[in-house]
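Chemist: Here is what each chain is made of, one letter per residue.
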Amino acid sequence: MTEKEKYRQVCREAAATGIALLILIAFWLFAGFGFSGSSVTIFRLPLWAAASTVGVWIFAIVLVWGLTKWVFKDMDLGDERHD
Amino acid sequence: MTDTGRPEALLPLALFMVVMLGISFFVRWQARTGEGGFLRQYFVGNRDLGGFVLAMTTVATYSSVSSFVGGPGMAWSVGFGWIYMAVVQVTAVFLVLGIFGKRVAMLARKFGAVTVVDILRRRFRSDALAAMAAFIIVLFFCATMTAQFVGGAKLFAAVTGYSYELGLVLFGLAVVVYTTIGGFRAVAITDACCAIMMMIGIVLLFYYVLEMGGGYAAIMDHIATNQPKMLEPFSGGKMPAGLYLTQWILVGICTIALPQSVVRGISYRDTKSLHRAMIIGTVVVGFMNIGVNFTGILVHGAMTGPVASYGGIDNIIPITIATVMPSTLIGFAIVGPIAASISTISSLLLVGSSAIVKDVYLHYREAQGKTTSDASLRRLSMAVTAILGVAVFLIALTPPSLIWLINMFAFGGLETAFFWTLLLGLFWRRANRLGAFLSMGGGTVAYCLAQGLGFKIMGLHQITIGISLSLILFLIGSFLGEPDPKEVLREFFPE
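Which chain is which? The protein sequence lines are A and B, in order. Quick note: the first sequence uses our numbering, first residue 1, plus one each step. Quick note: the second sequence uses our numbering, first residue 1, plus one each step.
Warning: the hint list may mix true and false statements.
Far from chain A, some chain B residues (derived; all Cβ distances over 12 angstroms) [what the hints assert, rightly or not]:
id : residue
1  : V18
2  : I23
3  : F52
4  : S77
5  : F135
6  : V138
7  : L166
8  : I181
9  : A302
10 : Q368
11 : R378
12 : M408
13 : I457
14 : L469
15 : G481
Straight line, CA to CA, 25 angstroms or less: simulated PhoX-like cross-link-like pairs of lysine-lysine [to be verified]:
id : chain 1 : residue 1 : chain 2 : residue 2
16 : A       : K4        : B       : K272
17 : A       : K4        : A       : K69
18 : A       : K69       : B       : K272
19 : A       : K6        : B       : K110
20 : A       : K73       : A       : K6
21 : B       : K370      : B       : K110
22 : A       : K4        : B       : K486
23 : A       : K4        : A       : K73
24 : B       : K272      : A       : K73
25 : B       : K110      : A       : K73
26 : A       : K69       : A       : K6
27 : B       : K110      : A       : K4
28 : B       : K456      : B       : K238
29 : B       : K272      : A       : K6
30 : B       : K110      : B       : K486
31 : B       : K272      : B       : K110
32 : A       : K6        : B       : K486
To be clear, the hints were calculated from the coordinates, so they are not data collected in a lab. Ideal Cβ placement from N, Cα and C applies to all residues, glycine included.
Whole structure, please, built from the sequences with the hints as guidance.
Modeler: The structure is reproduced here in structure tokens:
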């Protein structure tokens, strides 16, 4: 990769991380406030409490795994400058 | 000072601190060849961290003693709404590493930078901005470190029965010594040990809280019957929507700009390590936040009185540890929260020291055309780290009041100062020196004033004022001021 290509890739990865954050916030809202009216329980927890805590955590892990697998690329970070 | 504590509670912590010191001396011995120059070795571990250590040091630095004391205490009082709010911290590792990880790693190698301020100075060609950034780092870090010392020592005294001062000496001096001796690499490895001990501490406490409360089903039935509001997201008004919003900003999104987190982006070996750290870090930070706060809620099985009967929210977890844990395990349980405290202190101490030595002193010397030998840098860096640590230690000996407020105040101040300056500075060509200067200076002053006067907009935390104003000032400065020179832009934004 040239320096320019690396820079573009780093920008793509940063933007994808920002989009992942927005997706996570949407999921967090849906899982918590969205399910708060449900009477379903899981392990004696209201559905919203289970989905918005453990559910959000698992969702975040999957999201980050997806980022590193499909968006992030291995690249040389460059040579060290020695003063 | 009356020490009528339990020796069995003291021993594991003392052993843990000896191991931390041992790691530090070993790292120092390993680095005796000085490959890569002293500054790179001491302040960023020669850019050699693997994925696991990078993840653990980022998590441990971020997780403070309040994550183990105040947080679960609030969960005990509020219920699942508190965990719903705390879970936003699953973003704490992947956001900072995903957005800044590669960007700062490549720039640091390109310019031989070892601090975040190094990169800002190069980007904006401004010594005044760099000096202001270094000042803000040292100021707010001292406040945060004091809070960690005080929080850890108070917990120690409450659980072990020994004095506050003994706790401070035991872990406070040890952390100053091992950070001074070993530098960044020792801090990163000890952070990893701390993170592991935090997780073990959570699991131990979770198990004994369940046992004391008669099992998971019994505790949850008790909560459903006696505290039904704890099962609602707004917790009967204890968790207003505005609190959720500001927590997303304060402990979620804006944490990407904390200098102690960003500097980890210039310390890892290769991109594989970074990708691995993003996944491991998300797993670990979620486990800790959900685990410790869920344990706080389950304490209702063991402690059913009103909060006043326990002397306040901050006493809930120390009393729980002292009452539900077998005496032989109390010492192990306390290592987790103390580890959270020392891992934060060690990282802040080193970044604070680098701000003084590298960003101020060394730059001043270079500007005068003077060179500094590696041996002098070694002596100076270790001396500054030690002096900074001892100074904060001495402040903590007579703890100021409202220490937790000071801690959160510092968190918001750092985010206000660095969020837009780093984000726009590193990804937006139009960002310029004037914008960065106005944003960092104006935003931070506005944030401090709003905090000092207790001024809020719509009842929201003052971080909303600081972060909004710093953005506005950045944009005004960038559009009114001269664009940065083309050669600077070419360095940062290859064409």
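Chemist: Look at each hint and say if it fits the structure.
Modeler: Okay, the hints, checked on the actual structure:
no.: 1; hint: V18; in the structure: holds (35 angstroms)
no.: 2; hint: I23; in the structure: holds (26 angstroms)
no.: 3; hint: F52; in the structure: holds (15 angstroms)
no.: 4; hint: S77; in the structure: holds (16 angstroms)
no.: 5; hint: F135; in the structure: holds (25 angstroms)
no.: 6; hint: V138; in the structure: holds (24 angstroms)
no.: 7; hint: L166; in the structure: holds (37 angstroms)
no.: 8; hint: I181; in the structure: holds (25 angstroms)
no.: 9; hint: A302; in the structure: holds (18 angstroms)
no.: 10; hint: Q368; in the structure: holds (16 angstroms)
no.: 11; hint: R378; in the structure: holds (16 angstroms)
no.: 12; hint: M408; in the structure: holds (22 angstroms)
no.: 13; hint: I457; in the structure: holds (21 angstroms)
no.: 14; hint: L469; in the structure: holds (22 angstroms)
no.: 15; hint: G481; in the structure: holds (24 angstroms)
no.: 16; hint: A/K4 to B/K272; in the structure: holds (21 angstroms)
no.: 17; hint: A/K4 to A/K69; in the structure: holds (22 angstroms)
no.: 18; hint: A/K69 to B/K272; in the structure: holds (11 angstroms)
no.: 19; hint: A/K6 to B/K110; in the structure: holds (13 angstroms)
no.: 20; hint: A/K73 to A/K6; in the structure: holds (10 angstroms)
no.: 21; hint: B/K370 to B/K110; in the structure: holds (23 angstroms)
no.: 22; hint: A/K4 to B/K486; in the structure: holds (16 angstroms)
no.: 23; hint: A/K4 to A/K73; in the structure: holds (15 angstroms)
no.: 24; hint: B/K272 to A/K73; in the structure: holds (9 angstroms)
no.: 25; hint: B/K110 to A/K73; in the structure: holds (19 angstroms)
no.: 26; hint: A/K69 to A/K6; in the structure: holds (17 angstroms)
no.: 27; hint: B/K110 to A/K4; in the structure: holds (14 angstroms)
no.: 28; hint: B/K456 to B/K238; in the structure: holds (18 angstroms)
no.: 29; hint: B/K272 to A/K6; in the structure: holds (15 angstroms)
no.: 30; hint: B/K110 to B/K486; in the structure: holds (17 angstroms)
no.: 31; hint: B/K272 to B/K110; in the structure: holds (19 angstroms)
no.: 32; hint: A/K6 to B/K486; in the structure: holds (20 angstroms)
Hint violations for this structure: none, all hints satisfied.
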